[in-house]
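Novice: Sequence:
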Amino acid sequence: MSKFFRITDIIRPIGNKRSVSTDNAPLLGVNIQQVKIGEKEHIIKFDIKTTNAIEMEQLKHDLAGILNVLEPVKITYGDEPDKYYMGLPVDEITPENLTRWFQRSELKIIIPDGVAHSTTLKNFDIDTNETSAPDRIVFNLINTGTEPAYPIIRIKHNSENGYIGVVNNRAAFELGNREEADTEKYRDSETLIDYRGTNILKGFQNGTKGVAVTNDNKERLVGTLSTTSMWGRNHIELSNRGTVEKNRNNAQSLTWAIPVDSSGEVGSLNDYLLWRQVFMAAVANQYGFIKVTVSDTDGNFLYGVETYKRYQTLDCEYSFFTTDGKGGYKFIKWWYFTGTGAQVGKLDPFSAEKGWSELKRNDDRVQVFFDGSHYDFIIPEIKDKKSAKIHITLGALRDWPLVSHMYVDEFMYRKDFVTKSRDIPNRYPIGSNVVINSEDDSVYIDGISKVSEVVDGSHWPAIPPGKSQLELYFSRFVKKKPTVTIEFEERWI
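Under the working numbering, residues 1 to 493 are what the sequence shown spells out, in order.
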């Protein structure tokens, strides 16, 4: 704010506003009914100095615009470099006119949440902060703040698991099913293809090029796929579309056969596809498409989705289509979005920061995930037809400019309801990542919001001031403990 004024003093009261509700005691004193700790108020005193009256009034207008906020913003002070506040100005600011070019005033800031936050997260990992216990993971935590901290707990599973319990002296929190066991016959899920993270490079090597089965099979699979790196991730891209024929779309593809499951069965009626893609156009006159399709054991198209930019606008399509049972295909539903990525990231579900997509099939029922919501459909034409191969196709339209950022980053295929005689189906497979965020009361599993996994009656974890322990419990049948990290902002009243 030095552009607008020179701060002469900052008044930060010790603690917060307090209100005490009482009623009369029978003989002496009062009974305390309630003690409420309110917000913080900061007073910033400052001088404004310019060279003339016109410059002074314009500076005041500019300052008013900066202070015109409708919700708390981050505030830092030079004498508290390790802390920040979330506040906003209140009341009017009336300057004292010492001269027309030199004025003095003060600004009142309210801190609604009533605390100062640490600027850095405090981190605890399983290697340095765990107390060994056979049936649980116990973290020894230190919160040097004066208020409870709300942790972000990251769990990477090293074996199958169906339950997560988080307990300390403040709260008990549960995900999944505590009673889930693996001592009976059951139908389980198996991750048969896992090219998440850096494994996408392995997926690129293992995939068969140029044999994709799509909804219409009209693409000329003559282009070149390659890998690139951006935003700290590896991507598969269409690096060369190849020689163009008039009015034809060139593309190239990767195909993965669904592996045989542990029971020896080939093909599947119960698919779960999870992948991450980027689809961001730099300008309106860029075009292209990504198709993710599934074919059956006879090599025929079953179902899939496509992300498509076909017009000289910023409008893009996300479409779900299936076989029509007659050798052709039919569109089931379209969704539309603005494919401009980081420029208006909230409008593009496939920006660099987002991009997670999933398809789930249970025989003739298919669930499609798009932009935070799930959509369910019944498709009679695919009933009893086993999925056999998965195809990813990246394509260009004619010789028109290609979408600047059109990538596939990660892919995972899980087969559900595999008949087995050991563990029952577990909701958290090997390699899955669970994030429990007490700051915003959210749960993410492999990048997908799954707050519905929280058991009724749970209380979100909070770390009390000082030294404390946080215990994590998992299913009894877990063979290898997960890798767990905990991080949180410290807070001061």
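Derived from the structure by calculation, the hints contain no laboratory data. Careful, some of the hints might be misleading.
[Claimed, not checked] Between beta-carbon pairs, the in silico distance windows are:
1. GLY197 - PRO13: 45 to 51 Å
2. VAL73 - SER226: 41 to 47 Å
3. GLN312 - TYR444: 32 to 38 Å
4. ASN437 - GLU106: 46 to 52 Å
5. PRO464 - THR50: 48 to 54 Å
6. SER226 - THR297: 28 to 34 Å
7. VAL73 - THR483: 56 to 62 Å
8. ASP47 - GLN312: 51 to 57 Å
9. GLY466 - PHE102: 28 to 34 Å
10. ALA64 - HIS459: 41 to 47 Å
11. GLY197 - HIS459: 31 to 37 Å
We treat Cβ as the ideally placed atom computed from N, Cα and C, and that holds for glycine.
Novice: Hint by hint, say whether it matches the structure.
Specialist: Okay, the hints, checked on the actual structure:
Hint check: GLY197 to PRO13, Cβ distance near 49 Å, so the stated range 45 to 51 Å holds. A hinted range of 41 to 47 Å holds for the C-beta pair VAL73 and SER226, which are about 43 Å apart. Checked against the given bound of 32 to 38 Å, the beta carbons of GLN312 and TYR444, roughly 36 Å apart, stay inside it. The beta-carbon spacing between ASN437 and GLU106, approximately 38 Å, falls outside the hinted interval of 46 to 52 Å.
Checking the proposed 48 to 54 Å range against PRO464 and THR50 shows it holds: the Cβ atoms sit about 50 Å from each other. For the pair SER226 and THR297, the beta carbons lie near 31 Å from each other, so the given range of 28 to 34 Å is met. Look at VAL73 against THR483: about 36 Å separates their beta carbons, and that is not inside 56 to 62 Å. In this structure the hint that ASP47 and GLN312 lie 51 to 57 Å apart at CB holds, the actual value being about 55 Å.
The given range of 28 to 34 Å is broken by GLY466 and PHE102, whose C-beta atoms sit roughly 49 Å from each other. Between ALA64 and HIS459 the beta carbon distance is about 43 Å. The supplied range of 41 to 47 Å therefore holds. Separation of GLY197 from HIS459 is about 33 Å and conforms to the stated range, judged on CB atoms against 31 to 37 Å.
In summary, the structure is inconsistent with hints 4, 7 and 9 from the numbered list given earlier, while agreeing with the others.
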